[in-house]
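The listed protein sequences correspond, in order, to chains R and F. If you count the first sequence from 1, position 163 lands on 188 in my numbering, and the numbers rise without skipping. If you count the second sequence from 1, position 202 lands on 203 in my numbering, and the numbers rise without skipping.
Be careful, since some hints might not be right.
[Said to hold, decoys possible] Straight-line distance between alpha carbons at most 25 Å, and here's what the computed SDA-like set of lysine to any residue pairs gives: (1) R:195 with R:165; (2) F:82 with F:279; (3) R:195 with F:194; (4) F:82 with R:281.
Everything labelled a hint here was simulated from the structure, so no lab data went into it. All values reported here derive from a predicted model rather than from experimental measurement.
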Amino acid sequence: MAFVEFGLNGIFLGAVFGLLALAIAVVWMTTDVVDVATGSYAAAAGMVAVWAGPPWGALLGILAATALSGTMGVIFLIFRRLGATRDTILIVLCTIAYTFVIESALQSVFGTDNRFFPSVPGAFDVAGVFLTFQGVFAFLLAVVLLAGLLAALRWSPAGLLMRASAISAKSASLTGIPVRRVQFVVFLLGGAIAGVAGVLASMSIGVSYSSGFALSIVAFSGAVVLGRVTVSLAFTGGLLIGLAIALGQAYLPQGWDAATAPILIVAVLCSGLVSRDMFHGARP
Amino acid sequence: MTRSVRLSRISPVLIILGIAITLAIAGEVRPSIYATSVTIGFFSLLALPLGLLYGQGGAISLAQGGFAAVGAFTTAILTVKFGWSPFASLVVSVGLPAILAFVIARPLLRLPELSLALVTISLVMIFKVVFERAERLTGGYNGITGIAPLPIIGVERSYAHWTVWTAVLIVAYCYASYVESGRGRALNAIRVDRLLAESTGTNVALELSSLFSLSAGIAGFAGWFYAHYIGFMAPDSLDPTLSANILFMVVLGGRKSVLGPIVGASLFTLASDLLPGTVTQGMIFGSLLIVILVFFPDGIVSPGMMRWTRRRATTIPEAKNTPGVRLERA
């Protein structure tokens with residue numbers, strides 16, 4: 026029973042990581058940039074939400090995260106405008122530097138405490154398995170968001186533009202799609218999703234100014250762990266990472282669970298499961 | 002060997018010697034400058050080999066800080082817990098990261114740049130968890146205190162200054178000679194096109210692995226020096242942020258030249274000393290980094306400037322048709 030309880034709570038925790046992995050994957054697929062600052066958008070969203078308090082704090086937090094990722098989007102556009110063939114790794118380094126900026130800003134405004142947004146109260150018990158309403162809420166919200174995103178990508182005109190730009194930016198631009206504008210919108214979308222994840226994180230594990238980088242690493246491991254990078258696989262990967270971390274917390278000696286995500290990244294990327302093309306922006 | 006080639010090996014070394022002497026003179030006037038100069042030297046030792054690996058060989062690594070931490074913890078454990086002499090532990094401090102790097106290099110260095118960056122930073126995070134958790138050896142979060150200063154050098158700052166800068170000079174000379182040699186050209190060929198380099202008889206895997214291992218060994222040496230200089234080592238002393246910063250030093254200073262990493266290291270150290278407020282520093286500094294990365298992607302000491310000191314440019318220009326896709330605005 027304990028195993029099932031740890032497992033289910035891990036999957037509920039994984040909903041947060043799943044959303045973050047989703048945010049990273051969407052931006053990565055469309056712009057070829059792994060946005061290392063994604064976790065920091067989430068941390069910022071959580072901190073702003075706690076500061077403003079319920080009920081509107083959550084919305085404000087998500088808006089803050091979107092504004093931050095929008096700024097990154099602008100930096101990306103300037104970078105590409107100045108040199109279209111420049112090495113993508115430089116813009117990834119920019120996102121690492123941006124992480125420093127956000128961390129420092131959060132620390133000077135909100136201090137160093139780990140902060141919590143009021144969570145959904147209550148808990149229940151199903152056949153001896155003890156679960157919180159907060160966990161169920163986070164999981165359901167994440168699944169609804171995922172379904173919404175998938176539906177939007179599948180059927181809406183904007184989703185069609187995004188998919189076209191992700192498959193081949195070059196062909197998309199030849200057919201008259203404003204690829205740069207689409208990429209900017211995707212940055213905003215990624216920020217908003219990360220913002221939701223951040224508010225959810227502040228309701229369960231709490232967020233501090235320095236959570237961002239660790240969250241990004243966990244989310245990235247979720248995005249790649251299943252080998253192919255797609256929207257739904259990234260989300261599933263995030264759930265699995267949550268599960269692995271929760272089981273690690275329960276059964277490994279204390280503290281070793283922090284190594285779960287980095288070990289998975291090393292294992293998955295070195296084994297060549299993820300196609301090399303994912304890192305070159307030359308997908309068919 | 003033509004005169005210009007010999008000049009191009011010597012001139013960066015002379016410039017670095019000039020910097021070291023200037024800093025030493027300034028240090029005699031104001032002793033606090035010695036502390037800054039030792040830090041610059043330490044960062045340069047980490048950044049220089051990465052400059053060779055990334056700037057010339059095109060293989061990025063975010064693990065330099067991690068390898069330095071391995072070297073530092075090795076000597077801390079061996080000297081404090083087992084009573085070794087610092088010079089005996091030096092062998093292990095350099096050897097362990099070098100061997101570790103050589104073993105993990107093959108699967109790693111096959112990876113494309115971006116995934117290599119993420120894998121190496123993950124490695125550093127794993128190292129950190131190990132340091133925090135192997136409490137009996139590393140002292141956990143508290144780390145190891147009371148690491149004895151090096152014999153002869155002791156706590157005398159000017160000696161520490163000359164030790165670290167001598168090491169920088171040697172590494173810089175080797176870097177410059179390497180780039181001029183046939184193997185250096187092979188390394189440039191690897192960066193531009195690995196398959197082509199392989200087809201002309203370069204053993205790409207071996208070249209990159211040994212270079213990766215060498216840079217880890219030098220980082221181990223820097224860590225060894227750091228541990229004995231500061232006298233204290235904890236998992237937070239040399240953390241993943243440092244590894245990222247080392248890469249920034251290389252990119253900012255100019256990854257294509259010998260002097261670039263040293264210029265980057267100096268700028269970093271001076272900026273963190275001069276910018277006000279430790280908390281707000283990240284904002285100013287991060288923004289500066291972004292501006293430089295976006296507007297001057299080749300760094301401060303770029304090939305254009307190098308041609309001024311070198312008669313003959315040996316760096317092969319980047320191939321124009323690699324990664325990014327050229328896009329027309331719709």
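Now for the hints, and whether the structure bears them out:
no.	hint	result
1	R:195 with R:165	37 Å, violated
2	F:82 with F:279	34 Å, violated
3	R:195 with F:194	23 Å, holds
4	F:82 with R:281	24 Å, holds
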